[in-house]
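Sequences listed follow chains A and B, in order.
By the numbering used here, the letter at position 319 of the first sequence is numbered 319, and the numbering carries on one by one without gaps.
By the numbering used here, the letter at position 165 of the second sequence is numbered 165, and the numbering carries on one by one without gaps.
Keep in mind that the hints were calculated from the coordinates and are not lab data.
Ideal Cβ positions, reconstructed from N, Cα and C, are used throughout, including at glycine.
Hints may contain errors.
Said to hold, decoys possible - The calculated label-pair distances, taken between Cβ atoms and stated as ranges, are:
| id | chain 1 | residue 1 | chain 2 | residue 2 | range |
| --- | --- | --- | --- | --- | --- |
| 1 | B | V15 | A | D507 | 35 to 45 Å |
| 2 | B | D35 | A | P138 | 22 to 32 Å |
| 3 | B | D128 | A | G442 | 28 to 38 Å |
| 4 | B | D35 | A | T445 | 50 to 60 Å |
As the list claims (entries may be wrong) - EDC-like mimics (lysine to aspartate or glutamate), calculated; alpha carbons at most 20 Å apart, straight line:
| id | chain 1 | residue 1 | chain 2 | residue 2 |
| --- | --- | --- | --- | --- |
| 5 | A | K443 | B | D72 |
| 6 | A | K302 | B | D35 |
| 7 | A | K406 | A | D500 |
| 8 | A | K283 | A | E260 |
Said to hold, decoys possible - A few chain A residues facing chain B, derived, Cβ under 10 Å:
| id | residue |
| --- | --- |
| 9 | Q102 |
| 10 | L134 |
| 11 | E137 |
| 12 | Q217 |
| 13 | G374 |
| 14 | P376 |
| 15 | E427 |
| 16 | F435 |
This is what each chain is made of:
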Amino acid sequence: MSITVYVPGDAAAVSVGADAVAAAITREAQARGLDVRVVRNGSRGLLWLEPLVEVATPQGRVAYAPVGEGDIAGLFQAGWLEGGAHALRLGDITQHPYFRDQRRVSFARVGVIDPVDVDDYAAHGGWAGLKRALALEPAKVVETVTASGLRGRGGAAFPTGIKWQTVHDAHALQKYIVCNADEGDSGTFSDRMLMEGDPLCLVEGMTIAGLAVGATQGYIYLRSEYPHAWRTLNAAIAQAYAAGWLGADIAGSGRRFDLEVRLGAGAYICGEETSLLESLEGKRGQVRFKPPLPALKGLFGKPTVINNVITFSAVPAILADGAPAYHDYGTGRSRGTLPLQLAGNIAHGGLVEVPFGLTLRQVLYDYGGGSASGRPIRAVQVGGPLGAYLPESLFDTPLDYEAFAKVGGMLGHGGIVVFDDTVDMLEQARYAMEFCAIESCGKCTPCRIGSTRGVEVIDRFATHGAVQEALLRDLCQTMLHGSLCALGGLTPYPVLSALDHFPEDFDRVRQSDAA
Amino acid sequence: MGKRSRHIESVTEVVPALEDALAGPVEAAIAEHRDRPGALLPILHAVQDALGHVPEGAVAPIAAALNMTRADVHGVVSFYHHYRSAPPGAHLVQVCRAEACQSMGARALEAHARARLGLAAGAHHSADGRFTLEPVYCLGNCALSPAMLLDGQLHGRVTPGRFDALLATCETTEEHAA
Numbered sequence: 001m002s003i004t005v006y007v008p009g010d011a012a013a014v015s016v017g018a019d020a021v022a023a024a025i026t027r028e029a030q031a032r033g034l035d036v037r038v039v040r041n042g043s044r045g046l047l048w049l050e051p052l053v054e055v056a057t058p059q060g061r062v063a064y065a066p067v068g069e070g071d072i073a074g075l076f077q078a079g080w081l082e083g084g085a086h087a088l089r090l091g092d093i094t095q096h097p098y099f100r101d102q103r104r105v106s107f108a109r110v111g112v113i114d115p116v117d118v119d120d121y122a123a124h125g126g127w128a129g130l131k132r133a134l135a136l137e138p139a140k141v142v143e144t145v146t147a148s149g150l151r152g153r154g155g156a157a158f159p160t161g162i163k164w165q166t167v168h169d170a171h172a173l174q175k176y177i178v179c180n181a182d183e184g185d186s187g188t189f190s191d192r193m194l195m196e197g198d199p200l201c202l203v204e205g206m207t208i209a210g211l212a213v214g215a216t217q218g219y220i221y222l223r224s225e226y227p228h229a230w231r232t233l234n235a236a237i238a239q240a241y242a243a244g245w246l247g248a249d250i251a252g253s254g255r256r257f258d259l260e261v262r263l264g265a266g267a268y269i270c271g272e273e274t275s276l277l278e279s280l281e282g283k284r285g286q287v288r289f290k291p292p293l294p295a296l297k298g299l300f301g302k303p304t305v306i307n308n309v310i311t312f313s314a315v316p317a318i319l320a321d322g323a324p325a326y327h328d329y330g331t332g333r334s335r336g337t338l339p340l341q342l343a344g345n346i347a348h349g350g351l352v353e354v355p356f357g358l359t360l361r362q363v364l365y366d367y368g369g370g371s372a373s374g375r376p377i378r379a380v381q382v383g384g385p386l387g388a389y390l391p392e393s394l395f396d397t398p399l400d401y402e403a404f405a406k407v408g409g410m411l412g413h414g415g416i417v418v419f420d421d422t423v424d425m426l427e428q429a430r431y432a433m434e435f436c437a438i439e440s441c442g443k444c445t446p447c448r449i450g451s452t453r454g455v456e457v458i459d460r461f462a463t464h465g466a467v468q469e470a471l472l473r474d475l476c477q478t479m480l481h482g483s484l485c486a487l488g489g490l491t492p493y494p495v496l497s498a499l500d501h502f503p504e505d506f507d508r509v510r511q512s513d514a515a
Numbered sequence: 001m002g003k004r005s006r007h008i009e010s011v012t013e014v015v016p017a018l019e020d021a022l023a024g025p026v027e028a029a030i031a032e033h034r035d036r037p038g039a040l041l042p043i044l045h046a047v048q049d050a051l052g053h054v055p056e057g058a059v060a061p062i063a064a065a066l067n068m069t070r071a072d073v074h075g076v077v078s079f080y081h082h083y084r085s086a087p088p089g090a091h092l093v094q095v096c097r098a099e100a101c102q103s104m105g106a107r108a109l110e111a112h113a114r115a116r117l118g119l120a121a122g123a124h125h126s127a128d129g130r131f132t133l134e135p136v137y138c139l140g141n142c143a144l145s146p147a148m149l150l151d152g153q154l155h156g157r158v159t160p161g162r163f164d165a166l167l168a169t170c171e172t173t174e175e176h177a178a
């Protein structure tokens, strides 16, 4: 009987050699005449331990990590197919301290199953939410999502149920479901991991949304920087069609939903929902004025539900287990779980799905294990390139939308980027402005011109510090209040937070005034 | 009509034509995707996948097929960072410049890559045409930074030493091919 070995096909694992490991396992097994089946699963999220290989033994899955190509012969020698002892043996990975206390809802199957196998998906609770949705009136499905307290995980945190209700109530012959998979924020990779590790969960969530609001066509707008996710999504969608979970007659219900992946073309602004819709329509990704809301006039002018990957992927579990089960997680108005992404200069980088409410410090040290360089952590940027830089004095802020807003921060998509004490905060503030200048769609003046002027003003700190600070603050106020969308409107966050919390990096040059 | 407008007329008549060798893939891309809603990006992707870039001469036939102006199509091609108007070098190096990679030395890595590939400041192509270096903003490998793509393959924790080793591998492949 064949023994199953799981080697992640996740892009992060592949980036540190998982393909070579998978090939070496197959080679070694053949040489030894052993019947081994290699499954390319998603990543369990302990990314610093990748490639993390698991062997399915009669006693359960046994993990070995990090496994290099050169370790394979030794692992076979040590009898790893029976869970044998070896220096790399970690045992049951779900009992690992990094994993044990997580609450995985969206990521329940990621790293566990074969991502493109519809039956494996079903065997691990897949399609239960869709079956439940098929048995309910559409209005009831919307009601369930509303009751769960789910808010958009793309950053703006808008209540999902209200958005769906608006599209449900709109009258139109054609409506659309659009998934914003343009995860362009540095430090975020949960969308990518989900699309590579459990794409059918996204397919199921979008299909439920279609049934709920009466939309028959869905699009996943995927960023072009994710070639692995592109392949996995297309393979999963093809399997879902073949098994009758998509198409004209979903699971024999007589109801229709079609789904297609569309590739973006490297524009950060297309993560903004109205730019994304323009791009999907085949135009330049320029921001639209709101109103009208996309819920009423969205893709091709039709009512459109647009949510991000993690939002849709929370939906199947909400339908399957009921709204209260999801709502019970979390704190205040931040309900459910948030997949946090620990990145940058961090010892144990990876994905941590926990209910809202842990403090930043707990995440950085209990999960992250401190900096990768071993030096003190000085600044942490939460929520992507438009998020504030937080100093150590704010590390006890709980991770929930309102608490972060209160300290001038943004939880956003849950990306956490760590910098040690070698970081130059003037340089980071300059980068934020430069990034906005490169990525601005150009439609509004505060963003298009303001970001370019911002770079210039910061460059002049070296010679005329004090004057430039007043100018920079004034410019930031203009961008904050005058920009059309979040790119120009939020770029001041990283800039002002750097200036407010790390004035010494700007002072250093300001002293030259006196000289 | 005065002299000036005749001049403009003669300028607008210069429509860049497509070389014969490139026409096939462009026609194929148009034929395959023209009837999809929002077809322009899928067509441009198909053209670039086939040719490595979107030649200027492709703009006119695409515009005609989609009933758009050439200005509209050009506006889209030039708006998106992904589309290139000239062919890249034999090998494409895309180094991530975003914050997570910065925190782990991406600036130094990019400087090393520039020096190793012999690129002048601001240049994207090596003099021998073998390498193209492009910045990208996030490859989604932020926990294993710094990250880069080499000919579409993602690599994590790229130190200058590992960069040199990866480059050596692609030079070996070239020799094998030769």
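How the hints compare with the structure:
1. The supplied range of 35 to 45 Å is broken by V15 (chain B) and D507 (chain A), whose beta-carbon atoms lie about 57 Å from each other.
2. Between D35 (chain B) and P138 (chain A) the beta carbon distance is about 31 Å. The supplied range of 22 to 32 Å therefore holds.
3. Distance hint check for D128 (chain B) and G442 (chain A): the Cβ-Cβ separation is about 36 Å, which falls inside the suggested range of 28 to 38 Å.
4. Between D35 (chain B) and T445 (chain A) the Cβ separation comes to about 38 Å, which falls outside the hinted range of 50 to 60 Å.
5. Simply put, K443 (chain A) and D72 (chain B) have alpha-carbon atoms about 16 Å apart, close enough for the 20 Å limit, and the pair holds.
6. A C-alpha spacing of about 19 Å is found between K302 (chain A) and D35 (chain B), which places the hinted pair at or below 20 Å, so the restraint holds.
7. For the given pair, K406 (chain A) sits about 15 Å from D500 (chain A) by alpha-carbon distance, which is consistent with the 20 Å threshold.
8. In summary, the hint linking K283 (chain A) to E260 (chain A) is supported, as the alpha carbons are separated by about 18 Å, within the 20 Å threshold.
9. Interface restraint check for Q102 (chain A): the shortest CB-CB distance to chain B comes to about 15 Å, outside 10 Å, so the restraint is violated.
10. Nearest Cβ of chain B to the Cβ of L134 (chain A): about 27 Å, over the 10 Å cut. The hint is violated.
11. Given hint, E137 (chain A) at the interface with chain B, is violated; its Cβ is 30 Å from that chain's nearest Cβ, farther than 10 Å.
12. For Q217 (chain A), the suggested interface contact is upheld, since its CB lies about 9 Å from the closest CB of chain B, less than 10 Å.
13. Taking 10 Å as the C-beta contact cut-off toward chain B, the hint placing G374 (chain A) at the interface is violated, the least distance being around 13 Å.
14. Checking P376 (chain A) against chain B by beta carbon gives a least distance of about 13 Å; that is not within 10 Å, so the hint is violated.
15. A hinted interface residue such as E427 (chain A) counts as satisfied when its beta carbon comes closer than 10 Å to some beta carbon of chain B; here the least separation is about 8 Å, so the hint holds.
16. Evaluation of the F435 (chain A) hint against chain B yields a held restraint, the C-beta minimum of about 7 Å falling below 10 Å.
Checked against the numbered hints above, the structure violates hints 1, 4, 9, 10, 11, 13, 14; every other hint is satisfied.
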